[in-house]
Every structure is written in structure tokens, then in C-alpha cells.
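First to last, the protein sequences are chains H and F. Here the numbering used here is used: the first residue of the first sequence is 1, the next is one more, and so on. Here the numbering used here is used: the first residue of the second sequence is 1, the next is one more, and so on.
Wrong hints could be hidden among the right ones.
[Unchecked claim] Each computed SDA-like pair below joins lysine to any residue, with the alpha-carbon atoms no more than 25 Å apart: (1) F:LYS48 / H:HIS67; (2) H:LYS48 / F:ARG135; (3) H:LYS48 / F:ARG150; (4) H:LYS48 / F:ASP75; (5) H:LYS48 / F:THR52; (6) F:LYS48 / H:THR201; (7) F:LYS48 / H:ASP229; (8) H:LYS36 / F:PHE47; (9) H:LYS73 / F:ASP75; (10) F:LYS36 / F:GLN164; (11) F:LYS48 / H:ARG78; (12) F:LYS73 / F:PHE95; (13) F:LYS48 / H:ASP196; (14) H:LYS36 / H:ASP99; (15) H:LYS48 / F:LYS63.
Since the hints were made in silico from the structure, they are not lab data.
Protein chains: 2
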Amino acid sequence: MTSSSALPARPPALRATPRGRAKAAIREESEQQILKAAESVFAEQGFKGATTAVIAARAGVPKANLHYYFPTKDDLYRRVIEDVCDSWLSRTGAFSATDDPAVALTRYIYAKMDLSRSRPDGSRVWANEMIRGARVTSDYISDTVRRWLRDREAAIRQWIDSGQIAPVDPRTLMFMIWASTQHFADFASQIRLLNDGTDYTDAAFTRQKRHVAEILLRGVGLSVPDSVDATTGASSAFLP
Amino acid sequence: MTSSSALPARPPALRATPRGRAKAAIREESEQQILKAAESVFAEQGFKGATTAVIAARAGVPKANLHYYFPTKDDLYRRVIEDVCDSWLSRTGAFSATDDPAVALTRYIYAKMDLSRSRPDGSRVWANEMIRGARVTSDYISDTVRRWLRDREAAIRQWIDSGQIAPVDPRTLMFMIWASTQHFADFASQIRLLNDGTDYTDAAFTRQKRHVAEILLRGVGLSVPDSVDATTGASSAFLP
DNA sequence: GGCAATCTCGACCAAACGGTCAAGATACAA
DNA sequence: TTGTATCTTGACCGTTTGGTCGAGATTGCC
Numbered sequence: 001m002t003s004s005s006a007l008p009a010r011p012p013a014l015r016a017t018p019r020g021r022a023k024a025a026i027r028e029e030s031e032q033q034i035l036k037a038a039e040s041v042f043a044e045q046g047f048k049g050a051t052t053a054v055i056a057a058r059a060g061v062p063k064a065n066l067h068y069y070f071p072t073k074d075d076l077y078r079r080v081i082e083d084v085c086d087s088w089l090s091r092t093g094a095f096s097a098t099d100d101p102a103v104a105l106t107r108y109i110y111a112k113m114d115l116s117r118s119r120p121d122g123s124r125v126w127a128n129e130m131i132r133g134a135r136v137t138s139d140y141i142s143d144t145v146r147r148w149l150r151d152r153e154a155a156i157r158q159w160i161d162s163g164q165i166a167p168v169d170p171r172t173l174m175f176m177i178w179a180s181t182q183h184f185a186d187f188a189s190q191i192r193l194l195n196d197g198t199d200y201t202d203a204a205f206t207r208q209k210r211h212v213a214e215i216l217l218r219g220v221g222l223s224v225p226d227s228v229d230a231t232t233g234a235s236s237a238f239l240p
Numbered sequence: 001m002t003s004s005s006a007l008p009a010r011p012p013a014l015r016a017t018p019r020g021r022a023k024a025a026i027r028e029e030s031e032q033q034i035l036k037a038a039e040s041v042f043a044e045q046g047f048k049g050a051t052t053a054v055i056a057a058r059a060g061v062p063k064a065n066l067h068y069y070f071p072t073k074d075d076l077y078r079r080v081i082e083d084v085c086d087s088w089l090s091r092t093g094a095f096s097a098t099d100d101p102a103v104a105l106t107r108y109i110y111a112k113m114d115l116s117r118s119r120p121d122g123s124r125v126w127a128n129e130m131i132r133g134a135r136v137t138s139d140y141i142s143d144t145v146r147r148w149l150r151d152r153e154a155a156i157r158q159w160i161d162s163g164q165i166a167p168v169d170p171r172t173l174m175f176m177i178w179a180s181t182q183h184f185a186d187f188a189s190q191i192r193l194l195n196d197g198t199d200y201t202d203a204a205f206t207r208q209k210r211h212v213a214e215i216l217l218r219g220v221g222l223s224v225p226d227s228v229d230a231t232t233g234a235s236s237a238f239l240p
């Protein structure tokens, strides 16, 4: 999935793709280094607190070089948000009314938990952007996310109408899944302090994924199916 | 509750209480105006993004006056966080093993939802502080919050042992309650965009409280008792 | 009233910041 | 090889920022 699909309002690139193959590779690598550094600094310091000098230092490039690839701090910030959106859309599968609700919801919850663990800074940048009022992402939310949510709600409503799950407010269910899963990224420092100052091991986090899924699944009248593997988030249902 | 109970590590006030009665009132009023303005600006802009000039302007005082009452921006920030902690401790009741779990959990969820609605900026400042790594609040979390959480977990565990609720991970349950309720403050702009750009009415928010409580209560094998009034968060149980 | 403590506030400052620039280095097509 | 597009980088600049200062206004106690 290309990044342009995530934020439709993205301004066009100021520079065309460089001619040579090596130049293109240099550009790609520099941009990725800067974007990776920017994601962590924006997550730690917020938009205003993040300085281009610190981002450049963390990326291992001079500040002027950062501004060569991303003319303004705002451009860089938008690209970071874009990449997070891309990641969420491409790495979190959707679900539909024809899916088994227990399997579908469990897979979705596991996938969102996995994203919180594998890319916590992305979640934090997103949370920061929401707290600040969704200035950069309002179009994306009003269009892409809203459509995506409408389709999920329709699936949940059909599950309710066919008696497969308990009657819950579909939108509230989705909000609670988002809130509960992203909590483990956004509030990681709080959780760490409450967990004796230690981070989750992989095994503990796998258990945590299951605990979250158990409460949410029971909350809609289901239970977590054994067929969904918590260690990867992948489902073995319908496989031999 | 005094603010000193919230953050034990709070540095002592640099100035003693003023002598006269009018002077003390002036001081109190000025500090409250500045704190109120600071809470909203810190919520909207983050720590670094908030400027003392903007806070002073919103409070209706000259910038030099702000620095007279709060010598540094960091002092002001700590006081804002302190006040939020105070509010959470004093306005959110606790619960214990002898309470009826359905009533106790519902009341707690309603109380936290009410706080998200009545003081969303406080929740956002807290969220920002957690995302930034809990620099100012680490002692408070490690001491006060951890003890508070330990006692709630003990109550939940007793409810489980006595068969009153389903076997869930107590800490995960508390995390999910926090995440789900605070989500309505921290992600208000996202929710607004998904709800056709309109904010919740009071009636809609009351319904929202109930939807959240329904899923969480069913998630531990209970249902929301009719005895708890969602419009205020108060419980009429055990009253005539 | 007199005097000390407290409060108000415009003007000011050093540091930090986002962004620019120009000059040189590198890679590629011809 | 030569010319051009791309990349690299230290030095630089105007603005913004947290914080200071000092002079004047207000209040409270004797």
C-alpha cells in the first residue's frame, strides 16, 4: 500500500524521483532514516517539542540535510502520520458479517495489540495528534476511517440481528477495542511503573493480549476461540 | 483534599501565604485563573507547545505576572498535573471486596466517564504526560496509584474467588476501564469527526456511559444494575 | 499616616528554534 | 570526459521563547 492512499489531502511531492538508481536508493534510505527518527522524537516530545535538530541527530544526518528531504517540519510530521496510517490500514485486517464473530474479533484485537507492541511510537504520535485536535488528520478520519468504521459497524449489527453476539452498541465496541489495545502503547510508561518498573516480556504480552480479548469477547457474549493463535495474531481457523 | 497529597515529591512553595485576607484572596484567584488557562493550553499544545505568553493571555494576566506566581513553566506544569491527580482521587470513589461488584464497577465506570466529560483537558494533560514518559508523575504512579491499584485488584480477586464475577485478569480489567473511559476525553476530536462532526449531547453521553458499562460488566459476567443512575453516576442502591 | 509586604506590568535579554544559503562532493547520462 | 542533476554540510539569520528586572500601584499592620 502506498502512502498516498492514507491521507488523500497529502500535498504533492516537491521533487521528482531522482534519475539514477543509486541516487534513488540514497534518497529512499535517507528518508526512511529521518522518518524513523522523527516518529520516535515526535512520539516522545510532541509536535512542538520535537526539534529538527534532534531528529536529524538521531537519524545521523546534518539538520540541513533533513530540510533538503523534508522542506518543513510540518511536511515531515505529515509524512510520519501518513506512514502510521498506512501501517494501520495494511497490517490490521478488516472483518465482515460473513466471518465468525469470535474469530474475527479476536484476530482484530490481536492484530491491534501486535501493532501497539511493534510500533508503539506510531500509536503515540497518533494519540498526540488526536489530543491536539486532529488538525492534520481530520480529512482522513472523516473519509477513510469513517467509511471503514461504518462497514465494521454494519457487520457487528448483522451479528447482533442474527443472534450471534449480544446486543451492544457497535460504535462503542469499536471505540473500546481501539482504546484498550492502544492503551498498551500510549500509556506504556504508566503500565511499566505499575508493573514493578519492568516491561512486558513477549510471553507476558501474549498473555495480556488474551486477557484483553477475553474481557471484550465475553462482553459481547462470546469466548476467545482456541483456533486463533495469540503468539502471532494469525488464525488457524479454516486451515487444515 | 489538598494538592500536596497527590504528588508527594512536590517541591515546597517558594513563597509563604500572604499576610492579609484580601491579598490571600487575590493570590488564590490569580493562581486559579492561571491554572485553569494552563490546563487547557497544556492539553491543546503539549508541554513544549504551550507558551507562557499564551497561558497568561488566556488567563487575562501579563506574562510577568504568571511568572510571579509560578516561577517556571515546569512549576506551573507540575501544579496542573497535581490538580488533575487530586480531582481523580477525590472525585472517583474506590471500591472494596465487600461491595456488590455490579454496583461498584458500574459506579466507578460512570464516575470515570463523568470526569472525562467534565474535565477533558485534565485527562488530556495526563495522557500527554504518560506519552512523554511520566517524567513528572513517576513517583506518584509508583506510590499512590500502585497502592490504589493493588487494593482494587485484591477486591476483584476476591469477587472472582467467591464466584461473584467471571475469572478475569484484575489488572487488565482496570487498564481497560481506564482506557475506555479516558478515550472519550483524549480522543474526543476523533470521536467528533466520526460522529458527523457533532459532540455528544448530555443525553447521548449518558447513553454512551451505559454502553461502555454494559460491555465491561458483561465482560466480567455481570449486567449493569438498574439501581445505578447513569445521569449522575450516583447509586441509589441501599437507599430507601 | 507610615512602612513593609505584596502585587502589577511594560520592557528587555540570552538561548533555542525552523529554515536558508552557497559552496563543494558525488553520481549518472552523453 | 564533460555537463548536469542530486546530495552533503557548516555557517548563518530572523523569530520566538522562558525568564528577568525595576519601577510603580495596592494592601495590611503598627
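Next item on the list: Run the structure past the numbered hints and jot down the numbers of the failing ones, going up.
Entry: Of the numbered hints given earlier, those the structure breaks are 3, 6, 7, 9, 10, 12, 13 and 14, listed in rising order.
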